[in-house]
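Could you build the full structure based on these sequences and the hints that come with them?
The chain contents come next:
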Amino acid sequence: MTTLTRQDLNFGKVVADILCEFLEVAIHLILYVREVYPSGIFQKKRKYNVPVQMSCHPELNRYIQDTLCCIKPLIEKNEAEKVVVVIIDKGHHPVERFVFEISQPTLLSISSETLLSHVEQLLRAFILKISVCDAVLNNNPPDCSFSVLVHTRDSATRNMEKVQVIKDFPWIVADEQEIHMQEPRLIPLKTMTSDIVKMQLYVEEKAQKI
Amino acid sequence: TRRPTQASDSDKEVMLLPCKSPPSRQSVQLWLEAHRQLRLLEKGI
Numbered sequence: 001m002t003t004l005t006r007q008d009l010n011f012g013k014v015v016a017d018i019l020c021e022f023l024e025v026a027i028h029l030i031l032y033v034r035e036v037y038p039s040g041i042f043q044k045k046r047k048y049n050v051p052v053q054m055s056c057h058p059e060l061n062r063y064i065q066d067t068l069c070c071i072k073p074l075i076e077k078n079e080a081e082k083v084v085v086v087i088i089d090k091g092h093h094p095v096e097r098f099v100f101e102i103s104q105p106t107l108l109s110i111s112s113e114t115l116l117s118h119v120e121q122l123l124r125a126f127i128l129k130i131s132v133c134d135a136v137l138n139n140n141p142p143d144c145s146f147s148v149l150v151h152t153r154d155s156a157t158r159n160m161e162k163v164q165v166i167k168d169f170p171w172i173v174a175d176e177q178e179i180h181m182q183e184p185r186l187i188p189l190k191t192m193t194s195d196i197v198k199m200q201l202y203v204e205e206k207a208q209k210i
Numbered sequence: 001t002r003r004p005t006q007a008s009d010s011d012k013e014v015m016l017l018p019c020k021s022p023p024s025r026q027s028v029q030l031w032l033e034a035h036r037q038l039r040l041l042e043k044g045i
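Just so you know, the sequences run in chain order A and B.
For the first sequence, our numbering begins at 1 and goes up steadily by one.
For the second sequence, our numbering begins at 1 and goes up steadily by one.
Rather than coming from a laboratory, the hints here were simulated on the basis of the structure.
Keep in mind the model is a prediction, meaning the values are calculated, not measured.
Idealized CB from N, CA, C, for every residue including glycine.
It is possible that part of the hints are untrue.
To be verified - With a straight-line cut-off of 25 Å between C-alpha atoms, the simulated DSS-like cross-links for lysine-lysine are:
#: 1; chain 1: B; residue 1: LYS43; chain 2: A; residue 2: LYS167
#: 2; chain 1: A; residue 1: LYS72; chain 2: A; residue 2: LYS13
#: 3; chain 1: A; residue 1: LYS198; chain 2: B; residue 2: LYS12
#: 4; chain 1: A; residue 1: LYS77; chain 2: A; residue 2: LYS198
To be verified - Pair ranges (Cβ atoms, derived):
#: 5; chain 1: A; residue 1: ALA135; chain 2: B; residue 2: LEU30; range: 28 to 34 Å
#: 6; chain 1: B; residue 1: ALA34; chain 2: A; residue 2: ILE166; range: 29 to 35 Å
#: 7; chain 1: A; residue 1: GLN208; chain 2: B; residue 2: SER10; range: 34 to 40 Å
#: 8; chain 1: B; residue 1: LEU30; chain 2: A; residue 2: PRO188; range: 35 to 41 Å
#: 9; chain 1: A; residue 1: ILE172; chain 2: B; residue 2: SER10; range: 18 to 24 Å
Spelled out as structure tokens, the structure:
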């Protein structure tokens, strides 16, 4: 067992790569399971050794990639506290929020030979939970859309600025009314604790969706 | 454990979201129908 700081082996970048790859799969799967887009645009693929549904729509895929590309520098510097996939009804009111709460240790105690396979196993469990979450959620109204929110600190936003300009993908501070949901029901889906990251996923669901 | 810079009271939490919207369900539906038509044409049906 070795103890490392975040600077050793550029561990922040490794964690950000792992998490963004996972979040990409998770976002595609949420959009499929919650029927935000027609099922015909999704194709079955294999990730984390389990079948998942991934979009083949170029514009949507680019949007998800650009979103994660902007979030990645925050995760790399341990400045993203939550990444939230919000399902929005046609009146632009949130009806569901999939909240990925991320916490990274400052000191890492790792055993490199088991590290990656262990993390992959833990992430697989998240994917499996998302794929069956429709069983515990109410149906969404028709014509929903989605957005991705990131909870960070004021000081951290400069880490995003350069990427925003390069990608021509600007971000803005969310208004309270854009994200407020009255008395949401909380549904815990999965928690993981590993040497490199702790993460929990829960869903906040609006009581009266329709 | 968060970095010390983040723990400061003056450094308030912010929630950010992309300025751009993802493609609408309707536009994706139209793309899907066009995609299917193209597939059929390619197969010569």
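When the structure is checked against the list of hints, which entries are broken? Sort them ascending.
Violated hint (a single one): 1; every other hint is consistent with the structure.
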